[in-house]
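K.L.:
Protein sequences appear in the order of chains A and B. Take the first sequence: its position 235, counted from the start at 1, is 235 in the numbering used here, and no numbers get skipped. For the numbering used here, count along the second sequence from 1 and bump the result up by 1000.
Since the hints were derived computationally from the structure, they do not count as laboratory data. Here a beta-carbon is modelled for each residue, glycine too, at the ideal position from N, C-alpha and C.
With the C-beta cut set under 7 Å, the calculated list includes, among others, these residues of chain A facing chain B:
#1 Val27
#2 Thr114
#3 Leu174
With the C-beta cut set under 8 Å, the calculated list includes, among others, these residues of chain A facing chain B:
#4 Leu111
#5 Met123
#6 Ile127
#7 Ile226
#8 Ala251
Just so you have them, the derived chain A footprint on chain B, three or more residues with Cβ under 8 Å:
#9 1103–1113
#10 1146–1158
So you can see what is in the structure, the chains are spelled out below.
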Amino acid sequence: MVRGRRASFAAGPYVLLLPAAVALAAVSIYPLAYGVVASVRHYRYGLDVAYAGITNYVQVLQDDTFITALETTAKYVALCVVIETLLGLGLAMLVNRQLRGASLWRIGIILPMTVAPVVVGVMWRLIYASDIGIADPVMGLFGIHDVHVLGSDTTAFLGVVLLDVWEWTPLMFLILLAGLQTLPQEPLEAAVIDGASAIRVFFDHVLPMLRPVLFVAIVLRTIDAIGTFDQIYVLTRGGPGVSTQLFSIYAYNTAFLFTQYGQAMAMVVILLAIVLVLAAIAIRLVRLGPGTR
Amino acid sequence: MRAGLRGVPVYAGLVAAEVFALFPFWWMITTSLKHQVEIFSGLELLPTAPTLDNFFALFETYNFGPFLFNSVTVVVFSVLLSLLLGTPAAYALTKLPTEGWLQKQALIVVLLVRMLPAILLVIPFYIVLANFQLLNTRIGLILLYTGLNTGFVIWLMQSFLAEIPRDIEEAALVDGDTRLTALWRIVLPLAAPGLAATSIFSVINIYNDFLIALTMTSTPEAQTIPVGVSTLIGKIQIQWGPMAAAGVVGALPIVVFALLVQRHFVRGLTLGAVK
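Please build the complete structure, drawing on both the sequences and the hints.
P.N.:
Here it is in structure tokens:
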């Protein structure tokens, strides 16, 4: 009896960890390894026919559309993350005070991020649509006519950025608000007593103390933004032309429209390298962040 | 008086933010309640003759019955299975004297999995499921979601479990409980709010997923609500009314769930890095 309990005690943690570890490996290490193997295979009509060496990688890197998709993704991510960080920080500063009905304001602001990205795509299609949408008439009120948001390259790109800002500014807002609320109040009060202006207090005291949380938020959002797919698929499918064709849309098309699994996996491996570098930075920051053990 | 005046720009900013955040919801909901003719007739902010026809059409002509059934089945089984796998693992990571090294590495791996964009995984998933004849099945989806969500459960649950004082549990062990009965009898009841929050986040994550369901399924036999929503688009003529109604059906349950856990939102989104 006593021996039995001791034995289960020692093996306990591993027994409890094992099933979860197997499940996790099955959906991460296994498919990634499989994918790396697939990236050096040649597929015809979706069937693995031959060893391809590095030809998939060479083809992908010589493919202008792929390079354009990477550039579009980089522009998209940079623009979205910068705007969302600034707006989110501004909103968090607005809400971080004694407000009447504080929780109601908060709920209203975070609602967009709770909805499925597909539904967000639907919402904005209903707004941008050239026949039934409300974007065109509203712009008409300001004297801007005949802009069909999803009809031309620049406006379509800005249109999907606006959608992303709408959907994910709440995430930045929430994380930064949580960060602001944990800041110690004494240094801020001391600075105010010393006669520092609100702007000085913000740049000299609030921002430096907020930096770890700010980094966590930015890195998380950046990595998520790189994988953006659903909203674009519903809204533009990457068009018009290739103006909103992010990496994920192009990789999806390559794999499931053109059944070029080998080339698609080569693209994915290249992106994986980029994401791993970013994730490594993120993990370091998350672990250094506040509130962790 | 001074405080009142200073508050004006604050409230103006907040009102602007709320209008921007909420208007798309308003537009979708009102569109879903309009007749086809009214949708095209102009820009009424309120439907003049509200109708539920678009919602009936979803279930009568656009297969939303099966989509909803698939979504519910897949969500229920994947959430239960991933909680069953992830909670004991989270417990092992926080409460048992495992070596610190293993603990750290395990959490890093879990975090990495959470950070992989779905597009990186779907192509191999597709090929593997095809090999096992599991494409276009609910079981295939359940297996993938269970695995992916287990990592999320581990991270979030270990953040909740770590807050339970060790002493309570030690006392139970002294009283003759084993680790497992202590987990069941003492720790889990104390962690119930965290478990509830984790379950709800899991429901949201899985119900909202689009890319995996889109690639792994092809007919209403296994397609879920988000995929169903996307099937209304891309036809030659877009059925705006039903599409808006589909958006409402896709959004409504999740908004309700989200409001239930909004207190834990930051923790859920940053996996415990920020509380």
